[in-house]
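Protein chains in written order, with our numbering: chain P, 1 to 85; chain S, 1 to 410.
FYI, nobody ran anything at the bench for these hints, they're computed from the structure.
Being a predicted model, the structure only gives us computed values, none of them experimental.
One thing to keep in mind: the hints can contain errors.
To be verified - Residues from chain S shown here face chain P by an in silico Cβ test under 8 Å; the list is partial:
1) Tyr52
2) Ala54
3) Arg56
4) Asp59
5) Arg60
6) Arg64
7) Arg123
8) Arg124
9) Ser126
Stated by the list, open to error - Derived BS3-like pairs (lysine-lysine); straight-line CA-CA distance at most 27 Å:
10) S:Lys78 to P:Lys52
11) S:Lys285 to P:Lys29
12) S:Lys61 to P:Lys8
13) S:Lys61 to P:Lys66
14) P:Lys8 to P:Lys29
The beta carbon of each residue, even a glycine, is placed where N, CA and C say it ideally should be.
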Amino acid sequence: MTQELDFKELQNLAAEILGIDPNEVQLDKSFQRDLAADSLDLVELIAAVEDKYDVELSEETLEGMKSIRDLWVFLEEKQKSKAEA
Amino acid sequence: MAVTGLGFVTPIGQDIETVWSSLVEGVSGVGPITRFDASDYACRIAAEVKDYDAERFMDRKTARHIGRYCQFAVGAAKMALEDAGLDPHEMDPDDVGVIISSGIGGMEEIERNHSALLERGVRRISPFTVPMMIADMAAGIVAMQTGAGGLNYAIVSACASSGHAIGEAAEIIKRGDSVAMIAGGAEATITPLTMGAFIQIKAVSERNDEPERACRPWDVERDGFVMGEGSAVLILEDWEHARKRGAHVYAEIAGYGGSADMYHVTAPHPEGQGAIRAMRKALTKAEVEPEEIGYVNAHGTSTKLGDVAETKAIKAVFGDHAYKLAVSSTKSMHAHLLGGAGALEAGATILALERGVLPPTINLDKQDPECDLDYVPNHSRKADVKVAISNSFGFGGHNATLVIKKTEPN
Numbered sequence: 001m002t003q004e005l006d007f008k009e010l011q012n013l014a015a016e017i018l019g020i021d022p023n024e025v026q027l028d029k030s031f032q033r034d035l036a037a038d039s040l041d042l043v044e045l046i047a048a049v050e051d052k053y054d055v056e057l058s059e060e061t062l063e064g065m066k067s068i069r070d071l072w073v074f075l076e077e078k079q080k081s082k083a084e085a
Numbered sequence: 001m002a003v004t005g006l007g008f009v010t011p012i013g014q015d016i017e018t019v020w021s022s023l024v025e026g027v028s029g030v031g032p033i034t035r036f037d038a039s040d041y042a043c044r045i046a047a048e049v050k051d052y053d054a055e056r057f058m059d060r061k062t063a064r065h066i067g068r069y070c071q072f073a074v075g076a077a078k079m080a081l082e083d084a085g086l087d088p089h090e091m092d093p094d095d096v097g098v099i100i101s102s103g104i105g106g107m108e109e110i111e112r113n114h115s116a117l118l119e120r121g122v123r124r125i126s127p128f129t130v131p132m133m134i135a136d137m138a139a140g141i142v143a144m145q146t147g148a149g150g151l152n153y154a155i156v157s158a159c160a161s162s163g164h165a166i167g168e169a170a171e172i173i174k175r176g177d178s179v180a181m182i183a184g185g186a187e188a189t190i191t192p193l194t195m196g197a198f199i200q201i202k203a204v205s206e207r208n209d210e211p212e213r214a215c216r217p218w219d220v221e222r223d224g225f226v227m228g229e230g231s232a233v234l235i236l237e238d239w240e241h242a243r244k245r246g247a248h249v250y251a252e253i254a255g256y257g258g259s260a261d262m263y264h265v266t267a268p269h270p271e272g273q274g275a276i277r278a279m280r281k282a283l284t285k286a287e288v289e290p291e292e293i294g295y296v297n298a299h300g301t302s303t304k305l306g307d308v309a310e311t312k313a314i315k316a317v318f319g320d321h322a323y324k325l326a327v328s329s330t331k332s333m334h335a336h337l338l339g340g341a342g343a344l345e346a347g348a349t350i351l352a353l354e355r356g357v358l359p360p361t362i363n364l365d366k367q368d369p370e371c372d373l374d375y376v377p378n379h380s381r382k383a384d385v386k387v388a389i390s391n392s393f394g395f396g397g398h399n400a401t402l403v404i405k406k407t408e409p410n
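Here chain S stands alone, though its shape is the one from the complex:
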């Protein structure tokens, strides 16, 4: 499956080149929360999308009537289509489908309208509350905005949502239901209720004085993940279709595996049992040997439990080779986009393969002794990697692994 387009609306850039330079230069997108007054919160930091101009991508009325996460998705999808040089309006509508996931949906809009209900009564609930809050709407609105009329839905698996979205989108093309898929994820959850709820489960970093240093996967000083927001969208395309129209192919989605931990609502399985099976399935489906993998774009959220479990899982899957391959968490820079994370990280992996540079894990000053792999600490690294994997794991025990291959010049 060819990847022919990328689109990003993220805390570290709103176009491919800005995102890429942030990734290779180790730029953090984390700062103080400005979306709401968080002064009473134990966590007052997040990676916000700054100065996003939704009306660059849609008319004012549309922008007003869709949730923030959908606004991000429309921008990322339109940029990805433009990058791919693909216009679904000029194709059979059934040939292009959309799977754009969100882990949660329109949280900000739910909270705003719930406040309106409590403070001013039922008649002050916006009539747009339902379309703004439901988690499938990014896929719906992207179809309306782009003319992509094929299979259309969202996959919800918390922080694995857009890993699954890309994996399933590739399967849809493979089985012949679409020629191309607009696939990715979007999230906008830097809100009072969401931040408060994550604080209550002690999942988020409280390193308020050093926001840029807060997300530090595999570092002993880590104290939780950092909330991000934004959207990343990939254009997946049937290889022959892409070749015939002379499209630029970034990389190939070669395999995809998913599994369940069967363990706990928020904690990962301590030995990474579900993650192990997801990675193994993905490698098998891609017909790739573990030794061929040169880079793992880890889920790496900067929580003790998650970092250790993923490290154990990588060692179980790769054996001695685990110490030869490179692992990094780009979340250290763009933070955690929840339902948008898998797509952004797949995008980062694709660019890493294409450009021969591995993005680092920043803020990795003192490695946790239980995490003893090569995490590409603090500085990007040139490396001609042919095959990589990208992991995404979500609350509920959902796991998704994508195998991504560098495009070979022919």
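Here chain P stands alone, though its shape is the one from the complex:
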């Protein structure tokens, strides 16, 4: 049984990297459009997400995500498949 993901942890992680308040990191927000993340921020975010969640995340994948919800779903699915493995 794997632990369920805690959205607060993702909020804190993204907030730290983007230098914003964790509460600004919401499922319907986009990193680029709403949270002013530029390409350098995204590269840093990828490294942090990969380290924290033990996943592989390409720049194309992250850039293709319309909102933080997409990232969250991605992480949940990875977590699920790890649990099933």
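Based on these hints, arrange chain S on the given structure of chain P.
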């Protein structure tokens, strides 16, 4: 060239009055290294900037994405502009330029990311490594943060960097390319690799048991310089521009001379040949006779070679007058800010002229017989000096001398 603003982020204070009181009271900023675990190092002391709140001067995201030396520079530059009452946002962007030097650049950030590379692979190098490590970024980020859109770059000449920055900034105003310049230097090199590298050339003091007593220029017991960190920034302004807006003028940058030793990568020329020519050029350009100089803010790093060479150079330039003027090394208190040193020492000289008090050389208990000038030992001294010089010398044999004049009341 009028100096209308000063800003300091230093080991002996982070505002003008704290820096000044440390200078006149002979307070040392040196202590045990806390920036990293230096327990295996032969030198375990440095003058750190304590409790610097970068977010007082910039948003959190900016602070995260720039090197420590740039964080210092932004703070010092903003304080200097505020002190000058000058806001480049309200001016033609081309009228205000920036030269903020660093001797080395973002060393801490280079080291951190190199460790990440070795330990965790290439994909763990921060995408901000390049902007954090390059030595020009303080000038760039200060422009972004202040609206100063004129000439913008850094001058790299090791420990003479910000002496050159101020000298060249004054020339830029003189030739009409700017109305005002934000000029100075910044450094943050209390890092494992930098400290280790300076230990390997036996340049730094190992007086670990008495950190406050470690930097002792011209004292026989000296054993090397002490690493410092921080930033100092001056606002230089066209005299008429400053006068018209009723700005407070601290002092005047009256002349500047530079030269090369042509001798050795780390050792100064033993007779101070390069230093002599820098001082002479600066005096000539300022149209000042050697006898008019009342105070020399020396480079005075607390190394045997440097102290003796600079003393010989001062004697060569000033002749008998060398024994009448006062010489001090404020590095004895704030330690060596490398690329930030020249600007901090120019700032100290400016305040000394304005306030009529010469800061001392502390820890000068037993003078080296080869260094026989008046080094204002251990206690500050009242003195109404009209003209002073500030020397900065760097590895590579770079020399820069600034001539600074007291503002005459009109």
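| Interface hint compliance - Arg123 of chain S to chain P, C-beta minimum distance less than 8 Å | holds, 6 Å
| query | Can the restraint linking Lys285 of chain S and Lys29 of chain P be considered satisfied, given a maximum Cα separation of 27 Å? | reply | Violated. Lys285 of chain S to Lys29 of chain P sits at ~61 Å, over the 27 Å cutoff.
| query | Taking the closest Cβ pair, is Ser126 of chain S under 8 Å from chain P? | reply | holds, 6 Å
| query | Given the hint that Lys61 of chain S pairs with Lys66 of chain P, does the C-alpha gap stay at or below 27 Å? | reply | Holds - the C-alpha atoms of Lys66 of chain P and Lys61 of chain S are around 23 Å apart, at most 27 Å.
| Was the hint right that Arg124 of chain S lines chain P, CB cutoff 8 Å? | Cβ of Arg124 of chain S sits 6 Å from chain P, so the hint holds.
| message | Given the hinted pair Lys61 of chain S and Lys8 of chain P, is their Cα-Cα distance within 27 Å? | response | holds, 20 Å
| query | CA of Lys8 of chain P to CA of Lys29 of chain P, is that 27 Å or under? | reply | Holds, at roughly 15 Å.
| request: Double-check Ala54 of chain S for me: the hint is only fine if its C-beta lies closer than 8 Å to a C-beta in chain P. | output: This interface hint is violated because 11 Å lies over the 8 Å limit.
| field | Interface hint outcome for Tyr52 of chain S [beta carbon to chain P under 8 Å] | value | violated, 17 Å
| field | Arg60 of chain S as an interface hint toward chain P, with CB separation required under 8 Å | value | Interface hint status for Arg60 of chain S: holds (4 Å vs cutoff 8 Å).
| said: So if I understand the rule, the pair passes when the alpha-carbon distance is 27 Å or less; does Lys78 of chain S with Lys52 of chain P pass? | reply: The given pair, whose Cα atoms are some 37 Å apart, is violated under the 27 Å limit.
| message | A closest beta-carbon separation below 8 Å is what the hint needs, so does Arg64 of chain S meet it against chain P? | response | holds, 5 Å
Checked against the numbered hints given earlier, this structure breaks hints 1, 2, 3, 10 and 11; the rest are met.
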